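Trainee: Residue numbers (our numbering): 8 to 472.
If you're looking for bench data, these hints aren't it; they were derived computationally from the structure.
One or more of the hints may lead you astray.
Subject to a maximum C-alpha distance of 30 Å in a straight line, what follows is the list of computed DSS-like cross-link-like pairs (lysine-lysine) [to be verified]:
(1) 143 <-> 59
(2) 39 <-> 101
(3) 59 <-> 39
(4) 59 <-> 101
(5) 355 <-> 143
(6) 185 <-> 143
Predicted model, so just to flag it, every value in this text is computed and none were measured.
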Amino acid sequence: MHDSLIEAAVSSLGYRLQALPCPDRESLQRGKEFGNRSQCNPTYFTVGNLIKHLIHLRDVEGLSREQIVNDYLFVTAGACGPCRFGMYVTEYRKALRDAGFEGFRVLLFENAGSLQQGEADTGLELTTGFFITLLKAAMLGDVVNAMGYRIRPYEVEAGSTDTALEECRSLLCAALRKRRGLRQALRQCRRRLAAVPVDRLQAKPKVAIIGEFWAMTTEGEGNYRLQRFLEAEGAECEVQAVVSWVLYSIWEAAYDTRERMLLRSERPDGRRRWEFAPLRQLLLLRLGRAVLQRYFYHYAHHIGLAGYHLPDMDELARIGRDYYANELRGGEGHMEVAKLIQGVTQYKAHLTLSIKPFGCMPSSGVSDGVQSLVTARYPEANFLAVETTGDGGVNVHSRVQMALFRARQAAEDEYHAALQTTGIGREQASTRLAAQHRCRQATHYPSHRVAGTAANLLYELARRS
Numbered sequence: 008m009h010d011s012l013i014e015a016a017v018s019s020l021g022y023r024l025q026a027l028p029c030p031d032r033e034s035l036q037r038g039k040e041f042g043n044r045s046q047c048n049p050t051y052f053t054v055g056n057l058i059k060h061l062i063h064l065r066d067v068e069g070l071s072r073e074q075i076v077n078d079y080l081f082v083t084a085g086a087c088g089p090c091r092f093g094m095y096v097t098e099y100r101k102a103l104r105d106a107g108f109e110g111f112r113v114l115l116f117e118n119a120g121s122l123q124q125g126e127a128d129t130g131l132e133l134t135t136g137f138f139i140t141l142l143k144a145a146m147l148g149d150v151v152n153a154m155g156y157r158i159r160p161y162e163v164e165a166g167s168t169d170t171a172l173e174e175c176r177s178l179l180c181a182a183l184r185k186r187r188g189l190r191q192a193l194r195q196c197r198r199r200l201a202a203v204p205v206d207r208l209q210a211k212p213k214v215a216i217i218g219e220f221w222a223m224t225t226e227g228e229g230n231y232r233l234q235r236f237l238e239a240e241g242a243e244c245e246v247q248a249v250v251s252w253v254l255y256s257i258w259e260a261a262y263d264t265r266e267r268m269l270l271r272s273e274r275p276d277g278r279r280r281w282e283f284a285p286l287r288q289l290l291l292l293r294l295g296r297a298v299l300q301r302y303f304y305h306y307a308h309h310i311g312l313a314g315y316h317l318p319d320m321d322e323l324a325r326i327g328r329d330y331y332a333n334e335l336r337g338g339e340g341h342m343e344v345a346k347l348i349q350g351v352t353q354y355k356a357h358l359t360l361s362i363k364p365f366g367c368m369p370s371s372g373v374s375d376g377v378q379s380l381v382t383a384r385y386p387e388a389n390f391l392a393v394e395t396t397g398d399g400g401v402n403v404h405s406r407v408q409m410a411l412f413r414a415r416q417a418a419e420d421e422y423h424a425a426l427q428t429t430g431i432g433r434e435q436a437s438t439r440l441a442a443q444h445r446c447r448q449a450t451h452y453p454s455h456r457v458a459g460t461a462a463n464l465l466y467e468l469a470r471r472s
């Protein structure tokens with residue numbers, strides 16, 4: 008969803024943009040063939056996906072190597088810190104050279120705001136307007152994705168949610184290309200999604216997916232199609248929004264600025280030096296965060312994503328700092344710890360699933376290290392950390408199924424407790440739901456009280472009676 012919307016949005020700026028398809032098994036094999044050894048599987052999948060596409064252009068569409076190198080460039084995200092993600096540009100160059108595409112331009116923009124590029128003449132101007140357009144498309148992808156994950160587990164007709172989402176994709180892409188009519192397109196999406204028949208009086212376990220950014224957000228072979236597997240097993244997935252990573256980057260910059268302000272700085276005469284620049288930077292960061300949240304909730308409101316809250320980064324930092332220092336960076340840092348604790352203490356999920364590449368130092372150090380202390384202090388936490396290598400999907404699915412068994416029991420117990428607390432029987436609940444047109448709509452989501460959606464709906468029906 009995100010790739011298609013970003014393609015449409017950036018195309019409206021005058022660029023010829025083509026989003027690569029989701030990496031598959033062939034991408035993995037290409038990455039291993041031309042890449043270095045001992046890389047994490049996101050490297051193999053993403054690098055191999057580019058190589059696979061260029062080989063297709065050369066061997067199937069008949070373009071020469073010179074045409075490909077001169078007419079195409081590749082743009083992707085990068086990062087730094089204790090992660091092989093920071094070495095992606097080098098890995099791309101090596102693989103491109105070995106695959107016969109030496110000189111192909113690769114441009115990386117980092118979450119810290121800096122740029123890396125393989126050639127001086129990139130052919131792409133990364134302006135403020137470019138990044139704003141990129142963020143808007145990412146936020147649209149987030150709200151549409153969130154709607155899909157809310158509706159799909161409870162659809163009455165299999166495939167009806169995906170059909171509606173495809174129509175939403177077409178509507179939003181058309182609006183982004185024309186650079187007008189976005190609000191109207193979102194409202195059309197809302198009406199289309201609301202028409203999907205759902206039955207939310209089903210006790211399904213809610214699974215929060217956290218971990219390494221790429222592994223937890225991809226929806227293909229890179230994480231064994233984990234989200235679809237969980238839904239096929241009768242679970243409801245709670246996925247992380249891409250914009251949350253942007254908010255985390257803003258929080259990092261603000262935190263570091265405040266820490267630098269505490270450093271001793273004196274004038275030559277010995278007096279304390281007061282500088283306006285850090286205060287100005289903090290003000291701009293706060294303004295940027297407010298604008299970002301404002302746009303996100305604006306889109307969420309028009310598509311019908313009610314009751315959805317972006318993570319409070321200050322709260323996550325406060326929760327996680329006793330287990331993982333806020334100063335430590337790499338991966339999701341303290342956020343991964345705090346999300347697990349929130350899931351337990353605030354009844355947000357029956358199972359928290361951390362997924363990361365094999366050997367991912369930032370995420371493995373948290374999931375396999377720090378989280379063991381968290382689960383010891385919160386024994387009621389149902390937590391599972393799994394690693395991805397590109398193969399071994401059967402073993403991963405088997406481990407997830409075992410954790411789901413406990414989560415399913417917790418969801419059933421929660422649902423029975425709601426029946427007893429409200430005094431509503433199953434048949435009576437169905438009768439009351441049939442009388443509440445708003446509650447029957449797919450875009451309606453019951454307010455949060457416990458983790459399970461069905462139990463929350465029972466409590467809402469009791470309040471409305």
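Trainee: Now look at each hint and say whether the structure bears it out.
Mentor: Checked hints:
1. A hinted pair counts as satisfied when its Cα atoms are at most 30 Å apart, and residue 143 with residue 59 qualifies at roughly 29 Å.
2. The suggested pairing of residue 39 with residue 101 holds, with an alpha-carbon distance near 12 Å, which does not exceed 30 Å.
3. This hinted pair checks out: residue 59 and residue 39 have alpha carbons roughly 12 Å apart, not beyond 30 Å.
4. Pair hint residue 59 plus residue 101 holds up; C-alpha atoms about 15 Å apart against a cutoff of 30 Å.
5. A distance of roughly 27 Å separates the Cα atoms of residue 355 and residue 143; the hinted pair therefore holds under the 30 Å criterion.
6. About 14 Å separates the Cα atoms of residue 185 and residue 143, which keeps this hinted pair within 30 Å; it holds.
Consistency note: the structure conflicts with none of the earlier hints.
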